[in-house]
Amino acid sequence: MSPKPVFAGKDIVSVRDLSREGIDHILDVAETMEPLAKSGSDMLRGKIMATLFFEASTRTRLSFESAMSRLGGTSLGFSETKGTSVEKGENLADTVRVVENYADVLIVRHPLEGAARMAAEFSKIPVINAGSGAEEHPTQALLDLYTIRKARGSIDGTSVGLIGDLRYGRTVHSLAYALSQYKVNLFLISPEILRMRREVLEEVSNRVHVKESTSLRELLPELDVIYMTRIQKERFADLAEYEKVKGSYRLTAQELSKARKDSIVMHPLPRVDEVAPDVDNTKHAKYFEQVWYGLVLRMGVLALVLGAA
Amino acid sequence: MSPKPVFAGKDIVSVRDLSREGIDHILDVAETMEPLAKSGSDMLRGKIMATLFFEASTRTRLSFESAMSRLGGTSLGFSETKGTSVEKGENLADTVRVVENYADVLIVRHPLEGAARMAAEFSKIPVINAGSGAEEHPTQALLDLYTIRKARGSIDGTSVGLIGDLRYGRTVHSLAYALSQYKVNLFLISPEILRMRREVLEEVSNRVHVKESTSLRELLPELDVIYMTRIQKERFADLAEYEKVKGSYRLTAQELSKARKDSIVMHPLPRVDEVAPDVDNTKHAKYFEQVWYGLVLRMGVLALVLGAA
Amino acid sequence: MSPKPVFAGKDIVSVRDLSREGIDHILDVAETMEPLAKSGSDMLRGKIMATLFFEASTRTRLSFESAMSRLGGTSLGFSETKGTSVEKGENLADTVRVVENYADVLIVRHPLEGAARMAAEFSKIPVINAGSGAEEHPTQALLDLYTIRKARGSIDGTSVGLIGDLRYGRTVHSLAYALSQYKVNLFLISPEILRMRREVLEEVSNRVHVKESTSLRELLPELDVIYMTRIQKERFADLAEYEKVKGSYRLTAQELSKARKDSIVMHPLPRVDEVAPDVDNTKHAKYFEQVWYGLVLRMGVLALVLGAA
Chain C
19 MSPKPVFAGK DIVSVRDLSR EGIDHILDVA ETMEPLAKSG SDMLRGKIMA
69 TLFFEASTRT RLSFESAMSR LGGTSLGFSE TKGTSVEKGE NLADTVRVVE
119 NYADVLIVRH PLEGAARMAA EFSKIPVINA GSGAEEHPTQ ALLDLYTIRK
169 ARGSIDGTSV GLIGDLRYGR TVHSLAYALS QYKVNLFLIS PEILRMRREV
219 LEEVSNRVHV KESTSLRELL PELDVIYMTR IQKERFADLA EYEKVKGSYR
269 LTAQELSKAR KDSIVMHPLP RVDEVAPDVD NTKHAKYFEQ VWYGLVLRMG
319 VLALVLGAA
Chain F
19 MSPKPVFAGK DIVSVRDLSR EGIDHILDVA ETMEPLAKSG SDMLRGKIMA
69 TLFFEASTRT RLSFESAMSR LGGTSLGFSE TKGTSVEKGE NLADTVRVVE
119 NYADVLIVRH PLEGAARMAA EFSKIPVINA GSGAEEHPTQ ALLDLYTIRK
169 ARGSIDGTSV GLIGDLRYGR TVHSLAYALS QYKVNLFLIS PEILRMRREV
219 LEEVSNRVHV KESTSLRELL PELDVIYMTR IQKERFADLA EYEKVKGSYR
269 LTAQELSKAR KDSIVMHPLP RVDEVAPDVD NTKHAKYFEQ VWYGLVLRMG
319 VLALVLGAA
Chain L
19 MSPKPVFAGK DIVSVRDLSR EGIDHILDVA ETMEPLAKSG SDMLRGKIMA
69 TLFFEASTRT RLSFESAMSR LGGTSLGFSE TKGTSVEKGE NLADTVRVVE
119 NYADVLIVRH PLEGAARMAA EFSKIPVINA GSGAEEHPTQ ALLDLYTIRK
169 ARGSIDGTSV GLIGDLRYGR TVHSLAYALS QYKVNLFLIS PEILRMRREV
219 LEEVSNRVHV KESTSLRELL PELDVIYMTR IQKERFADLA EYEKVKGSYR
269 LTAQELSKAR KDSIVMHPLP RVDEVAPDVD NTKHAKYFEQ VWYGLVLRMG
319 VLALVLGAA
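Chains as they are written, first to last, in our numbering: chain C, 19 to 327; chain F, 19 to 327; chain L, 19 to 327.
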């Protein structure tokens with residue numbers, strides 16, 4: 019048996035930096051956080067997390083803050099660049115070299131690709147990427163894996179459908195990379211103009227079986243995991259095209275009657291209408307549990323990089 | 019003697035849901051919080067409060083956050099919808115079902131009537147309404163009652179004048195409902211176009227003696243509690259009308275010489291000029307003490323719904 | 019030996035209120051905070067700091083919040099006036115008399131001269147000025163002194179150059195006042211239109227030797243401390259003038275070869291391009307250490323005014 023991967027002092031910038039052993043270890047640690055997420059803990063007492071959100075994301079920010087709080091730590095930071103020194107022309111490297119003095123771990127969200135990587139290079143303290151550019155959102159991918167493992171016992175052997183906007187959604191890129199570390203069948207279901215980015219597709223195809231399609235209805239019976247995403251109107255030049263597409267990726271309780279009995283429906287949230295409210299009360303719906311798993315996953319990641327787990 | 023009302027796990031959405039026994043119990047618990055508001059406490063250590071403010075209100079938010087902090091708990095949340103998933107089209111029910119995973123109690127403020135009620139229906143954890151629509155702001159009403167009880171020893175037997183904008187001010191609606199549980203004389207003093215809403219007036223009139231008037235000067239000598247509110251210019255179509263009204267509801271130290279010696283002046287704050295600065299140093303002024311009482315009242319409510327008191 | 023200056027319960031509004039003994043004592047206490055800034059502490063457990071930032075300043079706010087957190091205390095507040103009761107027309111005195119109920123110490127930042135002084139007059143709890151108007155930013159001046167003392171062992175006997183915008187930068191005004199308590203040579207280096215304000219110059223000249231100049235290059239070899247500041251384009255009516263000035267106050271590693279071997283480069287940050295990135299890796303660069311010293315200095319100030327040090 020190989021020694022456990024070490025995360026203390028390390029950055030979490032991309033799932034592509036993580037081995038399967040690394041991912042499994044993170045998921046195992048997340049599991050140990052579930053009771054602490056209910057009872058609270060002093061594991062990170064005295065530790066400070068700084069959230070540098072150059073792009074707003076209340077949901078992700080609150081998840082990290084709650085994780086830190088449940089472990090006894092505290093949070094500070096900013097959630098938009100308005101009124102910050104960034105607005106005065108300061109570069110990211112300087113911002114990082116200032117804020118690292120105020121905290122023990124940095125959570126970075128940024129509209130540009132590579133920003134979290136650059137922050138990690140300059141920072142003396144661990145950096146966790148909470149979304150940068152259209153490409154990476156590693157803790158989202160990890161919580162998705164955790165949700166699948168919790169629901170099905172194992173990730174290997176699962177048929178996963180990623181559905182909707184596979185081109186711009188950062189969530190599905192990170193998740194595709196992460197899933198390719200496991201023995202899965204991957205179904206990429208999207209309108210033609212929102213197909214998975216070529217570079218992601220190529221890398222992932224080298225490791226797992228991938229099938230692309232435009233039809234959710236056709237593939238629904240083959241899926242164990244139905245991973246829905248939001249399709250944004252503004253991506254379409256032709257609104258008629260949008261309306262057609264939108265309807266075909268709308269999941270209802272009735273549609274789900276054709277799905278596998280033990281299949282699960284996931285969604286990174288927020289949803290608009292791609293998952294109908296009547297799905298909420300079916301046994302397939304896992305998207306609110308996903309939020310809970312996100313909390314415990316982030317507790318695990320924080321405890322690991324801060325050397326407490 | 020009847021058993022104490024139980025609030026653990028309950029929502030506080032409207033004062034209309036509360037019996038007189040319930041209100042008295044909350045005020046009694048608030049009383050026990052006064053020393054803790056000074057010394058601090060570990061009563062809610064490890065507990066998390068989420069503030070979902072769909073409408074900004076720094077004052078109310080800070081009061082709740084301070085209350086949580088004095089009890090050893092922590093806070094997270096958002097204070098405007100800009101940059102939140104709400105802006106991306108998420109509905110209130112989904113927001114609640116996400117954030118309930120991050121906290122032990124939700125504080126909700128929302129511009130629409132009924133929003134806090136709806137949040138409470140979806141939430142697995144207690145919801146406290148911090149203002150929804152023009153109708154309800156229960157912790158404000160409770161802190162107003164607490165202030166009266168502290169200043170006069172008892173709420174029963176008091177003549178209370180609510181003065182100013184009785185139509186749009188959510189504070190006075192909740193307070194009128196709450197006062198109607200006690201043996202009070204209620205004087206509703208406002209310009210014609212800002213009279214108390216009909217539905218509130220009817221319900222309250224069934225329980226206590228109510229007198230409506232447009233003249234503060236005339237009724238001043240009859241009041242034990244002079245509850246002033248801000249009149250907003252934008253409510254008036256005719257500015258000349260506004261200027262006339264504004265002057266007649268401006269309280270000065272000189273005006274107060276005609277008031278009862280032990281009468282108290284209250285105000286939910288912020289004031290603009292309806293209470294002159296020279297009132298601040300009179301013995302009548304209670305509006306800054308009201309802020310302190312608001313803190314201890316909210317400590318009491320938090321401790322109660324979280325089962326710690 | 020005289021008794022130590024007492025700061026418990028006191029305000030920190032201006033460095034001009036502080037004697038040399040007072041400043042030295044604050045710096046001594048800051049020194050004792052360095053280990054606590056790393057290990058954390060319970061010194062201010064249960065204490066609450068309120069940040070009333072009527073003008074945004076993420077950097078200063080985060081520094082104070084981190085200081086409070088490292089000492090075991092908590093923070094609440096607002097960082098812009100949008101959405102606050104201030105927007106509804108409330109005056110500063112009322113805001114202070116409300117928020118003092120929620121906290122043990124107030125940190126005030128305000129665009130107007132004299133605002134922090136006024137807040138202190140109304141507040142029952144200690145007020146720390148975090149920048150008001152163009153004139154005062156006392157904790158910045160104190161952390162600058164602390165940085166000089168750490169780097170050189172002593173402030174006395176130092177030749178300090180303040181460079182750039184000496185007219186509008188609040189940092190350099192507070193620093194000039196503070197330095198004039200010590201035996202220093204002060205070099206004020208700026209474009210003609212950004213010369214040090216007359217009233218500051220006069221007061222400071224009474225106590226220390228001051229030399230004004232427009233040339234950094236000429237004076238560089240005489241400086242022990244090279245204190246750079248940002249020159250803002252919008253201060254210049256003539257853009258050609260700005261471009262000329264800007265270049266002449268740009269510090270590079272090559273320029274620094276003409277500086278004293280043990281001279282240090284400081285900057286209140288954020289910088290834009292007045293200090294070239296190639297300076298960062300020279301032994302002269304102290305501006306990121308300054309950030310760290312700012313944290314421990316503010317820990318010291320908080321502990322002092324709250325009576326814990």
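No lab work stands behind these hints: they were computed from the structure. Treat the hints with caution; some may be incorrect.
When chains are identical, the list treats them as one kind, so a pair holds in a single copy or across two.
[To be verified] Below are the DMTMM-like pairs computed for lysine to aspartate or glutamate, each with C-alpha atoms no more than 20 Å apart in a straight line:
1. Lys142 <-> Glu52
2. Lys201 <-> Asp242
3. Lys142 <-> Glu307
4. Lys22 <-> Asp42
5. Lys56 <-> Glu261
6. Lys168 <-> Glu131
7. Lys262 <-> Glu210
8. Lys301 <-> Glu49
9. Lys142 <-> Glu220
10. Lys264 <-> Glu49
Structure-based check of all given hints:
Taking identical chains as interchangeable, the C-alpha atoms of Lys142 and Glu52 lie at most 20 Å apart only when they sit on different chains, with a minimum of 18 Å there against 30 Å within one chain. In the homo-oligomer, the alpha carbons of Lys201 and Asp242 lie at most 20 Å apart inside one protomer (13 Å), although the nearest pairing across protomers, at 64 Å, exceeds that limit. Taking the shortest Cα distances, Lys142 and Glu307 sit within 20 Å of each other only across copies (13 Å), while inside one copy they are farther apart (35 Å). Only within a single protomer do Lys22 and Asp42 lie at most 20 Å apart by alpha-carbon distance; the minimum there is 10 Å, versus 50 Å between protomers.
In the homo-oligomer, the alpha carbons of Lys56 and Glu261 never lie at most 20 Å apart, since the shortest distance is 43 Å inside one protomer and 56 Å across protomers. In this assembly of identical chains, the alpha carbons of Lys168 and Glu131 never lie at most 20 Å apart, being 31 Å within a copy and 39 Å across copies at closest. Within a single copy, Lys262 and Glu210 get their C-alpha atoms as close as 12 Å, which meets the 20 Å cut-off; across copies the closest is 54 Å, which misses it. Taking the closest pair of Cα atoms, Lys301 and Glu49 never come within 20 Å of each other, the shortest separation being 22 Å inside a single copy and 47 Å across copies.
When the C-alpha separation of Lys142 and Glu220 is checked against a cutoff of 20 Å, the pair qualifies neither within a copy, at 34 Å, nor between copies, at 44 Å. In the homo-oligomer, the alpha carbons of Lys264 and Glu49 never lie at most 20 Å apart, since the shortest distance is 36 Å inside one protomer and 56 Å across protomers.
Checked against the numbered hints given earlier, the structure breaks hints 5, 6, 8, 9, 10 and satisfies all the rest.
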